[in-house]
Amino acid sequence: MNPNEYDQDLILDKAIQGDEEAFSILYQENVKKIFNYIYYRTGNNHDAEDLTARVFQRALGHITKYQKTNVPFTAWLYRIAHNLVANWHRDNSRRKEVPIEEQVDLKQKSDVPEREIEKRQELEFLLKAIRKLSNDRQMLLILKYVEDLSNKEIGDVMGKSEGAIKSLYHRTLLELRDVLEIPNE
Amino acid sequence: MFSKYQMNEVGEEMGEEKNLLELIEKRLDRALLPMNPEDDYLNNLNSKLFSQQRISIEKGDYLRAILLISFAFVTGISILLIIKGFFPSPKKSR
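Residue numbers (this note's numbering), protein chains in the order written: chain A, 1 to 185; chain B, 1 to 94.
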C-alpha cells in the first residue's frame, strides 16, 4: 500500500470511529464527484445541490456502521446517491425538465449567435437521450466521461468486472445510437 | 460461405458502425464535462454538516434508581418496625 493509500485508509478508519474531522476530509474529496453524478442524473443544479446535501447527511449518519471491504469508499457514496436519485425520479416523474438554455444566464437570445443556440440544443438533446438510458448505463457514462475513470475503476465502483464494464459500455453506445436515432448507413 | 463481395460489404458496415460509435463518443466527450458547484454552496454544506448541534439523550441509569428505591423502601420498613418495637400498640381491653 503506498503512503497516499495508507493515509486514505487511516482517514476512513477514523471517520468510521466517529471522527468528524476525518469525515470532513472525505466530504471534501468526494463532494464534487457526487454533485456531478447527481447533476447529470437530475438535469438541474437546484436538485443536484439538494440531493448532494442529503447524500452526505445520510452518509454522516451511517458512517459508524460502514464496513470496509475491497470496494472503495466512493462506491458507497455513489450507492447512496443512486438510491436518492431513484427516489427523486419516482417522486418527480411528472416534473418537466428545464432545458439547459433556460437555466444558464444568457444574454438576450437575439445577441446569441444561432450556431451557439444550435449547439446548446444539441447538447440538451444528447443529455435527455442519456437520461433515457438505464441507471447503470447512465452511471457508467458519467464515471467514464465526467470523472475520467478507467474501466477497472468504474468496475470497482459498480461492483462489476473490467470485462463486464467494457461490454456494458459498448451496449450503451449502441443503445444511445438508437435513442439518438442516428441511422447506421 | 460468403463471397469476397459479401465479406467486403460486411467489413464496410462494421467500419461504418465503428465510425458512428466514435462519433457518439466524441459528442459524449464534449457534453459530459465536470461541473463545479459554487464555493458558497460547498462551504455552507460543510458548515451545516459539521456544526449542527447534536441533541444527546442521556441513557437513564435504571439499575441505580431501582437500588435506591429498594434501599429506601427497606430502610423505611425497618424504621417502622423499630418504632413499633419501642412503642408497641396498646392491647385492647376485653
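Hints were generated in silico from the structure; no laboratory data involved.
Be careful, since some hints might not be right.
Label-pair restraints from in silico Cβ distances [unchecked claim]: (1) B:Gly15 to A:Arg115: 42 to 50 Å; (2) B:Asn36 to A:Gln57: 34 to 42 Å; (3) B:Asn19 to A:Arg131: 21 to 29 Å; (4) B:Leu63 to A:Thr69: 37 to 45 Å; (5) B:Asn44 to A:Gly61: 33 to 41 Å.
Straight line, CA to CA, 20 Å or less: simulated SDA-like cross-link-like pairs of lysine to any residue [unchecked claim]: (6) A:Lys32 to B:Leu45; (7) B:Lys18 to A:Asp178; (8) A:Lys128 to B:Gly15; (9) B:Lys26 to A:Lys32; (10) B:Lys18 to A:Tyr145; (11) A:Lys152 to B:Glu25; (12) A:Lys132 to B:Arg27; (13) B:Lys26 to A:Leu173; (14) A:Lys32 to B:Val74.
All residues carry an ideal CB built from backbone N, CA and C; glycine is no exception.
Exercise for the section: Quickly compare the C-alpha distance for lysine 152 of chain A and glutamate 25 of chain B to 20 Å and report which way the hint goes. Expected result: holds (19 Å)
Problem - Restraint status (C-alpha distance of lysine 18 of chain B to aspartate 178 of chain A at most 20 Å) - result: At roughly 14 Å apart (the allowed maximum being 20 Å), aspartate 178 of chain A and lysine 18 of chain B satisfy the hint.
Problem - Distance restraint evaluation - asparagine 19 of chain B, arginine 131 of chain A, Cβ atoms, bounds 21 to 29 Å - result: With Cβ atoms ~25 Å apart, the hint holds.
Practice task
Verify the proposed pairing of lysine 128 of chain A with glycine 15 of chain B, using a straight-line Cα cut of 20 Å.
Solution key: Violated, at about 28 Å.
Handout entry: Proposed proximity, arginine 27 of chain B with lysine 132 of chain A (alpha carbon, max 20 Å)
Key = It holds: about 16 Å lies between the C-alpha atoms, which stays within 20 Å.
Exercise for the section: Given the hint of 37 to 45 Å, check if leucine 63 of chain B and threonine 69 of chain A actually sit that far apart at their C-beta atoms. Expected result: Since leucine 63 of chain B and threonine 69 of chain A have Cβ atoms about 39 Å apart, the given range 37 to 45 Å holds.
Handout entry: Restraint check for lysine 32 of chain A with valine 74 of chain B, where alpha carbons must lie at most 20 Å apart
Key = Violated: lysine 32 of chain A and valine 74 of chain B sit about 65 Å apart, past 20 Å.
Handout entry: Distance restraint between lysine 32 of chain A and leucine 45 of chain B, which requires alpha-carbon spacing of 20 Å or less
Key = Holds, at roughly 12 Å.
Exercise for the section: Starting from the hint 34 to 42 Å, judge whether the C-beta atoms of asparagine 36 of chain B and glutamine 57 of chain A obey it. Expected result: violated (21 Å)
Problem - Distance restraint hint 42 to 50 Å, applied to the beta-carbon atoms of glycine 15 of chain B and arginine 115 of chain A - result: violated (30 Å)
Practice task
Could you grab the alpha-carbon distance between lysine 26 of chain B and leucine 173 of chain A and see if it respects the 20 Å cut-off?
Solution key: holds (11 Å)
Practice task
With 33 to 41 Å as the target window, see if asparagine 44 of chain B and glycine 61 of chain A comply at their CB atoms.
Solution key: violated (19 Å)
When held up to the earlier numbered hints, the structure conflicts with 1, 2, 5, 8, 9, 14 and fits the remainder.
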